[in-house]
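A.B. asks: Sequence:
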Amino acid sequence: MMRQYELVERVQAYNPNADENLLNKAYVYAMQKHGSQKRASGDPYFNHPLEVAAILTELKLDDASIAVGLLHDTIEDTDATRAEIDQLFGGEIATIVDGLTKIERLNLVSREEAQAENLRKLLLAISQDVRVLLVKLADRLHNMRTLQFMAPEKQKRIAQETMDIYAPLAGRMGMQDMRNELENISFKILQPEHYQAIVARLDEMQEEYRETISTISAELSERLATEGITARVKARVKSPFSIFNKIERKSIALEQLSDMIGFRVIVGSVEECYRTVGVVHTKWKVVPGRFKDYISVPKHNDYQSIHTTIVGPGRQRAELQIRTEEMDRVAEFGIAAHALYKDGASADLGRIEHESQAYGSLRQTIGHLTTGNSSTEDFLEYTKLELFQDQVFCFTPRGRLIALPRGATPIDFAYALHTDIGDTTVGAKINGSILPLVTQLRSGDEVEIIRDQNHLPPVNWLGIAATGKARAAIRRAVRHAATQRAFALGEHVLNMLLEREGVMLDDTEAKALADALGSPSRRDLLIAVGEGKVGSEPLAAELAKLKGLRKRRRKLDLPVADTADGWFALRATDLFRFRVPGGQRSGPRAKAALAQLDFHMPVTVSPEGVVPGDRLVGILQPDMPMLVYPIHSDALTDKHDSDVAWVDVRWSLKGGEDKLYPIVITMESVNKPGSLAQISSAIAACDANINNLVMRMISPDFHQMIFEIEVRDLAQLTDVLATLKRSPGLSAVQRAGIREAGMISTLEWDGKVDRRFADDER
1 MMRQYELVER VQAYNPNADE NLLNKAYVYA MQKHGSQKRA SGDPYFNHPL
51 EVAAILTELK LDDASIAVGL LHDTIEDTDA TRAEIDQLFG GEIATIVDGL
101 TKIERLNLVS REEAQAENLR KLLLAISQDV RVLLVKLADR LHNMRTLQFM
151 APEKQKRIAQ ETMDIYAPLA GRMGMQDMRN ELENISFKIL QPEHYQAIVA
201 RLDEMQEEYR ETISTISAEL SERLATEGIT ARVKARVKSP FSIFNKIERK
251 SIALEQLSDM IGFRVIVGSV EECYRTVGVV HTKWKVVPGR FKDYISVPKH
301 NDYQSIHTTI VGPGRQRAEL QIRTEEMDRV AEFGIAAHAL YKDGASADLG
351 RIEHESQAYG SLRQTIGHLT TGNSSTEDFL EYTKLELFQD QVFCFTPRGR
401 LIALPRGATP IDFAYALHTD IGDTTVGAKI NGSILPLVTQ LRSGDEVEII
451 RDQNHLPPVN WLGIAATGKA RAAIRRAVRH AATQRAFALG EHVLNMLLER
501 EGVMLDDTEA KALADALGSP SRRDLLIAVG EGKVGSEPLA AELAKLKGLR
551 KRRRKLDLPV ADTADGWFAL RATDLFRFRV PGGQRSGPRA KAALAQLDFH
601 MPVTVSPEGV VPGDRLVGIL QPDMPMLVYP IHSDALTDKH DSDVAWVDVR
651 WSLKGGEDKL YPIVITMESV NKPGSLAQIS SAIAACDANI NNLVMRMISP
701 DFHQMIFEIE VRDLAQLTDV LATLKRSPGL SAVQRAGIRE AGMISTLEWD
751 GKVDRRFADD ER
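Note that the sequence shown ends on residue 762 in UniProt numbering; no numbers are left out.
Hints are computed from structural coordinates only; laboratory data are not their basis.
In this text, a Cβ means the ideal position worked out from N, Cα and C, and glycines have one as well.
Do not rely on the hints blindly, as some may be mistaken.
Claimed, not checked - List time: in silico DSS-like cross-link candidates among lysine-lysine, alpha-carbon distance up to 27 Å:
| no. | residue 1 | residue 2 |
| --- | --- | --- |
| 1 | LYS659 | LYS725 |
| 2 | LYS188 | LYS156 |
| 3 | LYS299 | LYS234 |
| 4 | LYS299 | LYS250 |
| 5 | LYS246 | LYS188 |
| 6 | LYS292 | LYS246 |
| 7 | LYS533 | LYS591 |
| 8 | LYS234 | LYS188 |
| 9 | LYS299 | LYS429 |
| 10 | LYS188 | LYS154 |
| 11 | LYS156 | LYS246 |
| 12 | LYS238 | LYS250 |
| 13 | LYS511 | LYS545 |
| 14 | LYS25 | LYS60 |
| 15 | LYS60 | LYS299 |
| 16 | LYS188 | LYS38 |
| 17 | LYS246 | LYS299 |
| 18 | LYS238 | LYS283 |
| 19 | LYS60 | LYS234 |
| 20 | LYS283 | LYS234 |
| 21 | LYS234 | LYS246 |
| 22 | LYS38 | LYS25 |
| 23 | LYS285 | LYS250 |
| 24 | LYS429 | LYS469 |
| 25 | LYS469 | LYS299 |
| 26 | LYS591 | LYS639 |
| 27 | LYS299 | LYS238 |
| 28 | LYS238 | LYS156 |
As the list claims (entries may be wrong) - With beta-carbon atoms standing in for the labels, derived distance ranges:
| no. | residue 1 | residue 2 | range |
| --- | --- | --- | --- |
| 29 | GLU211 | MET1 | 36 to 44 Å |
| 30 | PRO458 | ASP515 | 32 to 40 Å |
| 31 | ALA488 | ILE252 | 48 to 56 Å |
Construct the complete structure from the given sequences, taking the supplied hints into account.
C.D. replies: As structure tokens, then:
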């Protein structure tokens with residue numbers, strides 16, 4: 001166990017003006033409070049806070065941080081109180097200790113709710129004082145070093161927590177050495193076989209390439225000295241966990257890794273960094289695509305260095321990291337390398353943010369994560385997405401730098417600029433070319449967002465976005481849109497009831513109706529009606545009571561939402577869902593048609609046929625079934641200026657996944673023997689079935705052939721069309737238009753053959 005005077009000497013070695021009285025008092029107080037407590041290893045408990053303080057001295061932290069390291073468990077594990085520590089050591093130290101104590105009172109992994117709440121408190125404490133994070137990481141590091149004394153299940157639980165939260169936080173703050181140690185200990189516990197295999201291979205490589213390492217180090221130093229560059233060259237071997245990550249990411253075998261050896265070249269200035277690159281690239285062959293300049297564009301955790309990979313003696317690849325002494329110090333200690341607290345001064349957060357981009361970025365992220373009322377699941381997901389991913393750096397057309405997690409898309413870029421920009425995004429130019437919104441961005445990309453003020457983000461963006469901010473905003477926009485749709489539907493239901501009864505509601509009566517049905521306001525009531533939480537019958541009954549109306553026997557059958565996204569099931573078919581889009585025509589026939597829309601609306605499908613995968617449109621006219629067309633149908637052209645209602649329709653394949661769907665295709669065939677057999681064979685080869693066939697001579701040498709076939713989905717139909725297009729003697733192979741389809745379609749719906757629809761179109 002480290003003695004009292006040894007701790008003081010360690011602090012004075014880097015801070016001659018250290019407050020010796022404060023350190024002595026904290027040492028004695030913690031030792032007395034922990035008294036005879038023991039750890040799982042059997043060592044005195046006081047050994048733990050003492051080792052935490054020792055780790056903090058390695059980071060060269062201020063007196064207050066060392067004192068907090070000694071005191072961090074006193075409130076949690078002894079009879080010490082916040083008031084007592086406040087009185088003895090001052091408010092600054094007491095606040096940090098209390099913040100750490102609040103974190104420790106909850107078991108981070110006992111329940112998901114507790115984990116989220118505890119992590120939220122941790123992040124809030126960190127945003128107020130970065131020393132909370134530094135002490136917490138030192139505490140976790142010593143616990144990991146002594147984890148072997150815990151039960152195996154507890155070891156795995158703590159190791160997983162460390163891998164998920166604490167190691168990434170250390171990396172986010174640029175404390176790479178601490179991150180490596182936390183990850184390697186966790187890796188050893190969670191995957192011992194992989195760990196042992198990699199360590200054994202590293203030992204073999206160090207022995208095998210010992211001479212190569214010495215040769216490269218000597219040649220580097222000598223060559224740089226010849227060029228007038230004074231440099232320190234340090235050979236290193238990559239950490240086991242980083243090697244495992246690379247194996248997983250690239251899906252290669254351990255034996256295929258050829259660049260596990262690395263060298264750090266430490267020079268005196270930024271200019272010498274770039275001169276060193278020139279010397280290295282002149283001396284050895286360079287591995288293409290392995291040059292990265294993090295001096296010009298630092299990483300989000302303040303890391304700066306130039307990376308390049310060379311082919312050295314014996315054709316052994318070696319990665320070089322070229323940096324200055326200051327950059328090396330930041331790479332090793334991260335935020336702790338900044339002179340954050342001098343002469344015992346309190347934290348100046350503005351100054352810290354200026355000196356450390358990593359901490360400034362972390363505080364902004366924490367501010368975003370900890371505001372709002374996100375659910376436990378969302379909070380954990382967003383936190384891991386925002387805090388714990390590698391980053392790419394992209395630019396706006398005006399040169400603004402945007403840091404995003406690896407795998408981010410233009411959607412994430414847009415939301416990083418502003419929520420309103422993200423919500424109204426409809427496209428993006430990447431390096432001047434219009435590319436899909438699902439395109440993953442790479443460092444150096446210039447991204448220009450294309451917007452439409454009338455656009456709202458669709459729910460499927462949640463599967464595309466990679467950042468927590470984007471996902472949160474998309475969920476919020478989707479929920480808001482769903483609420484607006486539910487409100488509009490609820491208002492429609494209420495207006496129909498009022499119109500049927502011939503009465504009106506004033507504000508007082510509307511409030512009374514809402515109260516009677518357990519809603520705080522008229523708007524909340526209408527939303528509940530639209531979402532199906534309040535049925536039309538209870539609404540009608542309460543309205544009758546309120547207005548003194550006689551109870552009617554006739555049931556009002558109105559649609560209510562049965563899905564979270566505002567789409568309604570068409571129970572007549574069980575194959576479609578529908579919703580009414582905004583911007584409907586105001587014509588009387590369209591209004592009358594929409595008034596008749598409900599769950600049991602009869603449906604007739606266009607004779608062209610529709611298959612799962614098609615985008616669909618429903619057309620409504622009064623006293624007629626809903627007519628469902630594929631979006632490409634030429635019949636829709638004439639509907640644009642008609643007084644009809646347009647309805648969004650999508651597939652809802654409950655139990656219909658294995659169903660076959662009739663579809664009409666057309667082609668032109670050379671008039672020769674065997675052409676029909678050739679077409680039939682091609683269709684059969686795609687596992688499709690022929691229902692009906694119409695042949696029409698269009699010239700002495702060519703026939704038009706119209707087939708009604710049965711397919712499972714759009715993918716199979718595409719396969720059929722592609723196969724026919726490759727067949728000799730066939731041309732103009734495509735899905736039939738409305739007129740051709742009307743000549744052949746025998747489309748059945750609900751067991752009935754409906755020819756009226758086809759006849760009308762003809």
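A.B. asks: Decide, hint by hint, whether the structure agrees.
C.D. replies: Hint-by-hint comparison with the structure:
Using a Cα cut-off of 27 Å, the hinted pair LYS659 and LYS725 holds, with the two alpha carbons roughly 26 Å apart. For the given pair, LYS188 sits about 10 Å from LYS156 by alpha-carbon distance, which is consistent with the 27 Å threshold. About 22 Å separates the Cα atoms of LYS299 and LYS234, which keeps this hinted pair within 27 Å; it holds. Between LYS299 and LYS250 the CA atoms are separated by roughly 22 Å; this keeps the pair inside 27 Å, and the hint holds.
Taking the CA atoms of LYS246 and LYS188, the gap is about 16 Å. The hint holds against a cut of 27 Å. Using a Cα cut-off of 27 Å, the hinted pair LYS292 and LYS246 holds, with the two alpha carbons roughly 17 Å apart. Restraint check for LYS533 and LYS591: the C-alpha separation of about 26 Å stays at or below 27 Å, so the hint holds. This hinted pair checks out: LYS234 and LYS188 have alpha carbons roughly 26 Å apart, not beyond 27 Å.
Using a Cα cut-off of 27 Å, the hinted pair LYS299 and LYS429 holds, with the two alpha carbons roughly 25 Å apart. Simply put, LYS188 and LYS154 have alpha-carbon atoms about 14 Å apart, close enough for the 27 Å limit, and the pair holds. For the suggested pair LYS156 and LYS246, the alpha carbons sit about 23 Å apart, so the restraint of at most 27 Å is met. For the given pair, LYS238 sits about 16 Å from LYS250 by alpha-carbon distance, which is consistent with the 27 Å threshold.
Distance restraint check for LYS511 and LYS545: the Cα-Cα separation of roughly 14 Å lies within the 27 Å cut-off, and the hinted pair is therefore satisfied. A C-alpha spacing of about 20 Å is found between LYS25 and LYS60, which places the hinted pair at or below 27 Å, so the restraint holds. Distance check on the hinted pair: LYS60 and LYS299 sit about 23 Å apart at the alpha-carbon level, within 27 Å; holds. At roughly 26 Å between alpha-carbon atoms, LYS188 and LYS38 fall within 27 Å of each other, so this suggested pair holds.
Distance restraint check for LYS246 and LYS299: the Cα-Cα separation of roughly 19 Å lies within the 27 Å cut-off, and the hinted pair is therefore satisfied. For a cut-off of 27 Å, the pair hint linking LYS238 to LYS283 stands: about 24 Å separates their Cα positions. For the hint linking LYS60 to LYS234, the alpha-carbon distance of about 22 Å falls within 27 Å, and the restraint holds. For the hint linking LYS283 to LYS234, the alpha-carbon distance of about 18 Å falls within 27 Å, and the restraint holds.
Simply put, LYS234 and LYS246 have alpha-carbon atoms about 22 Å apart, close enough for the 27 Å limit, and the pair holds. A threshold of 27 Å between alpha carbons decides the hint, and for LYS38 with LYS25 the separation of about 22 Å falls inside it, so the pair holds. For a cut-off of 27 Å, the pair hint linking LYS285 to LYS250 stands: about 23 Å separates their Cα positions. Under the criterion of a C-alpha separation no larger than 27 Å, the hint pairing LYS429 with LYS469 is consistent with the structure, at around 21 Å.
Annotation: proposed proximity of LYS469 to LYS299 holds, straight-line Cα distance about 20 Å (limit 27 Å). A hinted pair counts as satisfied when its Cα atoms are at most 27 Å apart, and LYS591 with LYS639 qualifies at roughly 15 Å. Taken as a hint, the LYS299 and LYS238 pair is honoured in the structure, with Cα atoms around 19 Å apart against an allowance of 27 Å. Restraint check: the Cα-Cα separation between LYS238 and LYS156 comes to about 24 Å, which is no more than 27 Å; the hinted pair holds.
Look at GLU211 against MET1: about 43 Å separates their beta carbons, and that is inside 36 to 44 Å. The beta-carbon spacing between PRO458 and ASP515, approximately 36 Å, falls within the hinted interval of 32 to 40 Å. About 55 Å separates the C-beta atoms of ALA488 and ILE252, a value consistent with the hinted range of 48 to 56 Å.
Going through the hint list in order, the structure satisfies each hint without exception.
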